[in-house]
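S.K.: Sequence:
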Amino acid sequence: MKAEIHPDYHTIKVVMTDGTEFLTRSTWGKPGDTMHLDIDPKSHPAWTGGAQQLVDRGGRLSRFQKRFSGLGLTKKK
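In this note's numbering, the protein residues as written are 1 to 77.
It should be emphasised that the hints constitute simulated quantities derived from the structure, not laboratory data. Being a predicted model, the structure only gives us computed values, none of them experimental. Hints may contain errors.
[Claimed, not checked] DSS-like mimics (lysine-lysine), calculated; alpha carbons at most 30 Å apart, straight line: (1) Lys2 / Lys30; (2) Lys30 / Lys13; (3) Lys42 / Lys30; (4) Lys13 / Lys42.
[What the hints assert, rightly or not] What follows is a list of derived Cβ distance ranges for each label pair: (5) Gly49 / Thr11: 30 to 36 Å; (6) Lys13 / Trp47: 18 to 24 Å; (7) Gly49 / Thr27: 30 to 36 Å; (8) Glu4 / Ile39: 30 to 36 Å.
The beta-carbon is built from N, C-alpha and C at its ideal position, and this holds for glycine as well.
The task is simple: from the sequences and hints, build the whole structure.
M.R.: Structure (structure tokens):
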């Protein structure tokens with residue numbers, strides 16, 4: 001390894017959106033800095049499964065459902 005090409009790796013404090021804090025090691029900032037997160041796994045819908053809405057208003061989804069509505073599984077007599 002070449003000497004002095006790697007960034008400084010130090011301890012910082014991370015503050016989540018709900019106020020919880022933890023210490024971690026990072027190359028971000030200076031030793032002892034505090035990183036305040038705007039988005040984290042406790043608040044982002046990608047992790048929390050937040051309210052998802054499917055809004056189409058006559059676009060691709062409506063055309064697809066109209067075209068293939070008759071292809072559902074049916075019971076044979």
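S.K.: Taking 30 Å as the top limit, are the C-alpha atoms of Lys42 and Lys30 close enough?
M.R.: Since the Cα atoms of Lys42 and Lys30 sit roughly 26 Å apart, the hinted pair holds (cutoff 30 Å).
S.K.: Quick check: does the Cβ-Cβ distance between Gly49 and Thr27 fall within 30 to 36 Å?
M.R.: For Thr27 against Gly49, whose Cβ atoms are near 32 Å apart, the range 30 to 36 Å holds.
S.K.: Measuring from beta carbon to beta carbon, are Lys13 and Trp47 in 18 to 24 Å?
M.R.: Holds - the Cβ-Cβ distance for Lys13 and Trp47, about 22 Å, lies within 18 to 24 Å.
S.K.: Regarding the pair Lys13 and Lys42, is the alpha-carbon distance no greater than 30 Å?
M.R.: holds, 17 Å
S.K.: I want to verify a distance hint. Is the separation of the beta carbons of Gly49 and Thr11 within 30 to 36 Å?
M.R.: Once the Cβ atoms are compared, 33 Å apart, the range 30 to 36 Å for Thr11 and Gly49 holds.
S.K.: Verify the proposed pairing of Lys30 with Lys13, using a straight-line Cα cut of 30 Å.
M.R.: Within the cut-off at roughly 11 Å; holds.
S.K.: Lys2 and Lys30 were given as a pair; does the straight-line alpha-carbon distance stay at or below 30 Å?
M.R.: Measuring from Cα to Cα gives roughly 23 Å; hence the hint holds.
S.K.: Starting from the range 30 to 36 Å, see whether the pair Glu4 and Ile39 falls in it by beta-carbon distance.
M.R.: With Cβ atoms ~34 Å apart, the hint holds.
Against the hints set out earlier in the document, no violation occurs for any number.
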